[in-house]
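S.K.: Spelled out from the first residue to the last, the chains are:
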Amino acid sequence: MEETFMEKSFVCGTWQQKRSFSPAVITEGNQTIVWVAGHTGATADDGRSLAGNFDAQFHQVFSNIGKTLAEVGCKLADIVSMTVFLIDARYTTRMTELRGGLFGDNFPASAAITVSGFATPEIMVEVQCVAVRA
Amino acid sequence: MEETFMEKSFVCGTWQQKRSFSPAVITEGNQTIVWVAGHTGATADDGRSLAGNFDAQFHQVFSNIGKTLAEVGCKLADIVSMTVFLIDARYTTRMTELRGGLFGDNFPASAAITVSGFATPEIMVEVQCVAVRA
Amino acid sequence: MEETFMEKSFVCGTWQQKRSFSPAVITEGNQTIVWVAGHTGATADDGRSLAGNFDAQFHQVFSNIGKTLAEVGCKLADIVSMTVFLIDARYTTRMTELRGGLFGDNFPASAAITVSGFATPEIMVEVQCVAVRA
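Protein chains in written order, with our numbering: chain A, 33 to 166; chain B, 33 to 166; chain C, 33 to 166.
For the record, the hints were derived by calculation from the structure and aren't laboratory data.
It cannot be assumed that every hint is accurate.
The list treats identical chains as interchangeable, and a pair is accepted whether it falls inside one copy or across any two copies.
Derived pair list, reagent style BS3-like, types lysine-lysine, alpha-carbon separation capped at 30 Å [said to hold, decoys possible]: (1) K107 with K50; (2) K107 with K40; (3) K50 with K40.
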């Protein structure tokens with residue numbers, strides 16, 4: 033018989049839970065790994081610019097990631113690790129608040145890094161991540 | 033009988049194809065993962081400085097990555113994910129043009145991030161990546 | 033009989049060895065992957081601020097990562113890849129010196145990137161990494 037299990041477990045942390053990330057996520061067994069590109073969200077689905085609107089861009093980023101993941105039968109909850117690149121450090125806490133609404137209690141591992149720029153000047157946040165499914 | 037297959041598939045995207053990256057790359061089965069360090073290319077093979085020459089540094093970076101991958105029986109086409117760190121956001125589009133020549137139609141997932149600096153002042157681009165082979 | 037081996041090997045490089053990283057680390061077989069969040073170390077275990085003290089923050093970062101890894105039966109030597117985000121490029125060489133003391137001769141793959149900021153102004157270094165064990 034084939035061994036087909038995949039198991040995912042979380043190191044849940046203490047204060048990290050309030051910042052909506054896990055110190056570590058562990059995957060084992062027969063893993064399918066989805067290497068997700070950096071996603072941005074400076075433009076709404078209807079073409080409107082979201083320049084200057086951090087909250088809207090953040091939601092758009094994860095809407096866009098969700099669509100990419102859906103193409104391979106995954107959802108946001110399958111994300112195990114992410115790097116959040118921000119245009120201004122003062123968005124860091126707001127980012128953790130918004131992220132809290134996207135996941136249940138099992139958060140991905142994450143780093144939050146402030147950088148100098150992105151592909152276009154409108155972009156305020158870019159997220160690169162990895163998802164794992166059975 | 034041993035299960036030894038490894039399968040790689042691509043979410044190909046639309047506009048992303050013109051920027052020479054895939055929204056996601058999926059790897060499954062019996063994967064050998066090559067965790068590649070950040071590679072730079074501020075110095076040519078003959079010792080000349082490539083300071084100030086973005087195109088030359090970009091090609092040198094991937095020449096250097098190619099040599100590292102060759103040591104473990106891999107090639108650039110085995111790269112599934114990369115993060116491109118740039119010293120100036122205005123090199124982003126040029127980077128995607130140069131990258132288009134390195135891969136066929138199956139591009140790695142990628143993020144392009146502009147940062148404040150690297151190990152030495154001459155470095156204009158650093159690429160960290162992951163390759164997967166059977 | 034189950035196939036349960038996991039094998040890790042290193043591309044050791046030449047000058048990279050003196051900067052305490054490997055050009056690439058290869059993992060194959062039945063891998064358990066630990067996706068580790070970005071860890072910082074601006075506060076000592078006893079609550080003292082380590083603001084302004086790069087060496088102390090660096091050691092604290094890896095002390096914190098070590099604790100996270102210990103929760104899942106791993107140690108620093110299981111790290112295969114890391115990204116070191118620094119607040120000032122001039123800490124890069126010092127970082128490689130300090131890192132030399134943390135690992136044996138088998139270093140993780142690594143990128144060292146200077147960025148604009150972190151979650152709080154005291155943070156001078158953040159490390160995101162991946163560990164693999166059997």
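S.K.: It remains to establish, for every hint, whether it holds in the given structure.
M.R.: The hints, checked one at a time:
1. Taking the shortest alpha-carbon separations for K107 and K50, both the intra-copy value of 22 Å and the inter-copy value of 26 Å come in at or below 30 Å.
2. When the C-alpha separation of K107 and K40 is checked against a cutoff of 30 Å, the pair qualifies both within a copy, at 15 Å, and between copies, at 19 Å.
3. When the C-alpha separation of K50 and K40 is checked against a cutoff of 30 Å, the pair qualifies only within one copy, where the shortest distance is 21 Å, while the shortest distance between copies is 35 Å.
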